[in-house]
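Protein chains: 2
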Amino acid sequence: MKVIINQAKLLESIQHVTKAISSKTAIPILSGLKIQATQNGLKLTGSDSDITIESYIPMEEEGIQFIDEIEQGEIVVHAKYFPEIIRKLPQDTVQIETDDHLQVTIHSGSAEFHLNGQDAEEYPQISQLQTDSSFELPINLLKNMIKQTVFAVSTSETRPILTGVNLRAEEDLLKFIATDSHRLAASNIPLESPIDTFPSNQVVIPGKSLNELSKILEDTEEKITISISDNQIAFQTENLYFLSRLLDGKYPETSRLIPEESKTIIHTNTKQLLQTVDRASLLARENQNNVIRLQTKENNTIEISSNSPEIGNVEEDLTVNTIEGEDLKISFSSKYMIDALKIMETDQIKIEFTGAMRPFILKPVDNDHILQLILPVRTF
Amino acid sequence: MKVIINQAKLLESIQHVTKAISSKTAIPILSGLKIQATQNGLKLTGSDSDITIESYIPMEEEGIQFIDEIEQGEIVVHAKYFPEIIRKLPQDTVQIETDDHLQVTIHSGSAEFHLNGQDAEEYPQISQLQTDSSFELPINLLKNMIKQTVFAVSTSETRPILTGVNLRAEEDLLKFIATDSHRLAASNIPLESPIDTFPSNQVVIPGKSLNELSKILEDTEEKITISISDNQIAFQTENLYFLSRLLDGKYPETSRLIPEESKTIIHTNTKQLLQTVDRASLLARENQNNVIRLQTKENNTIEISSNSPEIGNVEEDLTVNTIEGEDLKISFSSKYMIDALKIMETDQIKIEFTGAMRPFILKPVDNDHILQLILPVRTF
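Chains A and B supply the protein sequences, listed in that same order.
By this note's numbering, the letter at position 95 of the first sequence is numbered 81, and the numbering carries on one by one without gaps.
By this note's numbering, the letter at position 305 of the second sequence is numbered 291, and the numbering carries on one by one without gaps.
To be clear, the hints were calculated from the coordinates, so they are not data collected in a lab.
Note that the coordinates shown come from a computational prediction; the quantities given were computed from them, not determined experimentally.
Check before you lean on any hint, since a few could be wrong.
Any copy will do: because identical chains look the same in the list, a pair fits if it lies in one copy or spans two.
Unchecked claim - For lysine-lysine, the following DSSO-like pairs were computed, each having C-alpha atoms within a straight-line distance of at most 27 Å:
| id | residue 1 | residue 2 |
| --- | --- | --- |
| 1 | K66 | K321 |
| 2 | K29 | K(-5) |
| 3 | K201 | K74 |
| 4 | K74 | K133 |
| 5 | K10 | K336 |
| 6 | K257 | K(-5) |
| 7 | K74 | K321 |
| 8 | K74 | K328 |
Work the whole structure out from these sequences, hints included.
So, in structure tokens, the structure goes:
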């Protein structure tokens, strides 16, 4: 194998695929990074068997030449040293060459590195996903849906299925749902065309996979193709192939959690509420889920307060736009509230309560694309 | 005590004094932050008994009003919660008030915090340093001297005296010296006037104190007053008083370590050598002090190389300005070399070698203000 390639482009590809590589893998060769040179370009692969990422570098793209010379071949290189070497090369072009003894020579300027490689034949074959179920989304929409839900997945392995985000197609909506059983985050967008062959209810993508995917994807309006089989999901753009396993098991039915009626509705400015809750969280007791209190008062005012007997307490009045319905005193985790408010896209939100002991929901004031649900804590 | 004060200015002062506060202190009240209000302004104090930092906020400075109202008094507040509260206040003015029960009330906008305080009477008295030995330095010069030496102090407590920086006044020079016995860093500046009463040879300032001091000081040409007693050193500006204990013990005589003659002299570009050494360090074995090799070659070329048998090896030729004297092969820690090169202020440096087994020194090419000495490693 031989390739003369642009250093910055190679480094970008390396950074994408190393997101899937773990040094703690049961299959030793997966701790390496696979490089394949064909006549058409270079393909890098990283995998921890849960996630596989392939990144392609074409000879040229949009008139920019990335590869000056290429000879077919493949090798597996060290996923710690190889990226560091490429990052620190003295010139913006690098030559990478392998010999018959799995030696990799990296040339740039007057620097010459020799690295011990591994036989690419020993690298597991990545099964291409076989499915008829695929659809397209703009990348920035996908990234938004991930951001609006993935933070709410469970970090505990007690119920492994809750560590993933549930993907559903219902009528003309595509839905992402995440819950750790104390709060729930849902995001949906209208589908351009209905998805016929979408596996009904059981597509659950590990939260970790979505976090890594989101880091790699740039915020563009270009489309990404999503393909789903029984146990895997693939995200594909022109130069990226991201494959993740799906979680096994039945995702809980969450729709009945969401209250259908409300007794108190508050309309308020998102950022003001976020900052008030953030201040109150300073004196919320860490060992008790950072609980703070919200209480409705006269004159479109709510009071947010918290109390940590050893340290002190805080109260703050916030003037909201409107309060409709019953008076309310309710306690909840400030962390969940902060998480939910941070991903709201709109200046104004509404919060719908159904009494102090029932879950309450947060929504943007003018659309239903985002729904955040939080279970209160009994303190009053 | 009561004060109405600018939030940003208060926060800046808090950030200065908290650098001295440790939650792991033998004297519980020192884990707090002391606030004293007088008619002239507010004084904050933080201390871990090794370092004490006092920061003053005057009523106004250069026409900017910092304090709108002040009533005398003092209190000790929680050094974790108080700074976080001040940072997140909704408005740029804050009112802080104490009552007879050591309760602190913090008001800003419609937020009201109540914090449990501690009695300032219980806070240890900070002994003001009694000495006739003091001198002035521009702050940016002091910061430079710290930067050029403090990285070379020992991190091991085997010889505690080496964890400090030795301060000397010799003839018309002020010198900073640090060594961990494998390398030495020295920085000196001419004194405007000789220091008569300077304790001769035994002023050793803990490296940690200098690091914290350097973080607090802004890079200005304003003067700082340095006062030294038998066991303490104080750094004082208009609104800052930084007091540190000195290390006890005899600092080694380092001057005889520095070779007086040299057999090989290399003049080279600082940044090019730094980058070449940095690349070679990638394949230097971590468990053997990151040793790399330097070898002189024909045509004003040096080869920098390293070898990690399991991983691979690297060689790089670097064209230098001149090589004078004997041929040389020498091995040394890439880490020490990188540390030394990073603080060189000049584009061009000279390196003076006295054979493969003797310490070598690095200096700026056109002055003697900085001297870096590194002990080689036996490998050839």
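Here's how the hints hold up against the structure:
1. K66 / K321: Close across copies (19 Å), not inside one copy (36 Å); limit 27 Å.
2. K29 / K(-5): For K29 and K(-5), the Cα distance is within 27 Å only inside one copy (12 Å; across copies 54 Å).
3. K201 / K74: The answer is within: 23 Å in one copy meets 27 Å, while 29 Å across copies does not.
4. K74 / K133: Between copies only: 25 Å across chains, 33 Å inside a chain, cut-off 27 Å.
5. K10 / K336: neither (45 Å within a copy, 45 Å between copies)
6. K257 / K(-5): between (39 Å within a copy, 25 Å between copies)
7. K74 / K321: Close across copies (16 Å), not inside one copy (40 Å); limit 27 Å.
8. K74 / K328: between (37 Å within a copy, 16 Å between copies)
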